[in-house]
Amino acid sequence: MKSKGIVVKRILFWVVTLLVLAGILFPLLWIYLTAFKSSNDIFAGTLQRQLIFTPTLENFKRLFVQFPFFRSMGNSLIISISSTVLVMVIALPAAYSFARWNTGGGHILFNTIASRMFPGAVAAIPFFLIYRALHLLDTHIGLILLFMYFNVSFATFLLYGFFRDVPVELEQAAMIDGYGRFAIFRKIVLPLVLPGIATTSVFCLIWSWNEFLYSFLFTRNAAKTITVLISSFWGSIEVQYGTMAAGAAISILPTLIAAWFMQRYIIRGLTFGAVKG
Amino acid sequence: MANAKNNVAIVNEISLIRKPSIWETLSNEKYFKWMLVLPLIIVLLVFMIYPLVFCMYKSFFQSGLSGNSTFIGLQNYRTMLRDVNFWIPLGRTFQVTVICIVAELLIGLGLGTLWNREFRGQNIVRGLILLPLLVAPLILSIVWNFLLEYNIGFVNQIFSAIGLGRVRWWAPGGAIYTICAITIWQWFPFSASVLLAGLKSLPKDVFEAAKVDGAKGWYTFRRLTLPMLSPLIVIITLLRTMWLIRLFDPLYGTTRGAVNTELLDWMVYRTSFIYFDIGYGSTLAIMSLFLTIIIGAIMFRQLIKALNASN
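In the order they appear, the protein sequences are chains W and Y.
Heads up, the working numbering is the position in the first sequence plus 4, with the first residue counted as 1.
Heads up, the working numbering is the position in the second sequence plus 1146, with the first residue counted as 1.
Please note that the accuracy of each hint is not assured.
Distance condition first, Cα-Cα at most 20 Å in a straight line; then the derived PhoX-like pairs of lysine-lysine [to be verified]:
{"hint": "1", "chain 1": "Y", "residue 1": "LYS1362", "chain 2": "Y", "residue 2": "LYS1350"}
{"hint": "2", "chain 1": "Y", "residue 1": "LYS1451", "chain 2": "W", "residue 2": "LYS280"}
{"hint": "3", "chain 1": "Y", "residue 1": "LYS1357", "chain 2": "Y", "residue 2": "LYS1346"}
{"hint": "4", "chain 1": "W", "residue 1": "LYS280", "chain 2": "Y", "residue 2": "LYS1346"}
{"hint": "5", "chain 1": "W", "residue 1": "LYS13", "chain 2": "Y", "residue 2": "LYS1451"}
Quick caveat, the hints were computed from the structure, so don't treat them as lab data.
Full structure from sequences and hints, please.
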C-alpha cells in the first residue's frame, strides 16, 4: 500500500518537472523551429503544419542579404566588448579597494547599487540632447559610455564579493616577503579572482548585448545593434516572423551558451553576489 | 656610538630636505585606496547628476526637442497632478510589480521544495531552467507575442485542439496580465534557483528534531523553513522590484503601450520621444525618479542588511 503511494508521488514529481521544463524550453525551441520554416508554414492554421514542415534556409538568406545583419552583429560586439573592458578597468581597482581597505566605510560601495535603481527613462532625455549636441548619436562611443555606466556599479559589487573571498593573510605574507603592491595584486590576488572577473565580464557583455531602450533611442543606422534590428521586424507594415526568428536564433545563441556554461555563477551574479548558488 | 647618532641625524636631515615624490605620496595607503575608487565615483557622479539636474531644470519649461523653451514655473507639475495618463500607469506599474513578485516567489517556493531532493538528472533540470534568464527580454516578448497570437498562435491552436477555445491574450482588459505572465515566465527560474540553493543549505538536524517532535509538514514549512528562507525572500523581492519598476522591453515587443498596458517608463518614453514634449517628459521623469527613491529608501536598508549578512 505504502509503496503504491511512493510510486504515485514519483510519477507526479516527474509530470510536474517535465511540464515545467517543457514550458521553459518550448518558446526557445520555437525560435529555432520558426527560423527554418517557410512563411507559408509559419502562418499555417493547423497544428500539423506548424510542427511538421520542410526546413528551409530562406529566412537566413533574406536576413543576410536584405538586412544589415552582420553589421548589426558587429556593432553589438564592438559596443559590448568595449563597454565591458571599460567597466572592468574602473570596477576592478575600486572593488579591490573596497574589499581590502573598506574604503569609505561601506557607504560608497552600497550607494553604488542605488545607481542601478535609477529609472532608465530619466537618463534618456538628457543624454539624448547632450549626445545630439556632441554628435554622439548613432555612434559606438555613445552607447559604450552609457553601457559602461549601467554596468559599472553591478560589476564593482560582484567583484567586491570575489575579492573578499581572498584572505588578507595571503597578501600580508607576500608583503613580508618583500613584494610590492602591484606585484601582490598581479601575482597573488588576480589569479585567485580570475573566475570572478570572468563571471562579471560575461554578465556585462550579455547585458550590453541585450540592452534595448537606449540602443533603440540612440542609434539609427551606423551603430544599430542586433536587438534593435530584430525589433524592427515586428511592427513594420509587414510582420516578418521568419526573418525575426532567424535573427533571434543567432543572436540569443551566445546568451544560451553562457547560461549553460556559467550555471554555477548565474545565481551569484544575478543576486549581486549575495547567494553563492 | 657617536657615529650612530650622527647617522640618524643625517638620515633625519635627508628626509627633511627631500620631499616625498608625488608617486610616493600617492602610493601611501591613505591616498592609494581612494585613488583606486576615484574613477568609479567620478563616473557615477557625472552620469547620475547630469541627467538629474538637467531634468529638474527642464521640468520648469515648456520645450520641444529643438527650438525655444519658455519658462512656465510649476505648470508642468500642476498638469501632472491632474493627469490620469500619469496616475494610471503609475498604479499599473505598482500592480505589475506586486503580481510578478508574488507569483515568482510562490512558483519558486513550490519548485524549490519539489526539487530539494536527490533525483536522476537533477543537475540537468537545474541547468535547463536557467536558460531563459540571460536571453534578451525584448526578443522573448516578441516570440511570446507570436505564440499568443489569436488565430495562428501556437498556444491558441493547442487550446482549441484540446477544447478550451481560443483566448484573446491581447484584449484591452487582459493584455497587462499577459505581459505579467511573460515576465514571470522568464524570471521564476531566478527565484526557484535562489530558494533551492537556500533550501539545500538549511541545517538538516533541525528538521529531524521537528519530525521527532511530531511536527506536520505544513507546520514545519511555516515555522521552520519560511523563517530560515526569509533573508533570501527579501533579496529576491528587492532585486526584482529594482528590475520591475523599470519594465520596458516586454511592452515594446508586444502591445507598445496600447490596450491599457502603459507603464511608468513607457509613459516617459512616449511623452518625450513620440510627442517630443521634453519639458513635460522631464517632469514625469523626475517624478518617477522620486518615487523610485522613496521605494528605494524604504527597501534599501533591508537590501544592504540582507546583502551584508550573506556576503
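Outcome of the hint check:
no.: 1; hint: Y/LYS1362 - Y/LYS1350; in the structure: holds, 16 Å
no.: 2; hint: Y/LYS1451 - W/LYS280; in the structure: holds, 16 Å
no.: 3; hint: Y/LYS1357 - Y/LYS1346; in the structure: holds, 18 Å
no.: 4; hint: W/LYS280 - Y/LYS1346; in the structure: holds, 12 Å
no.: 5; hint: W/LYS13 - Y/LYS1451; in the structure: violated, 39 Å
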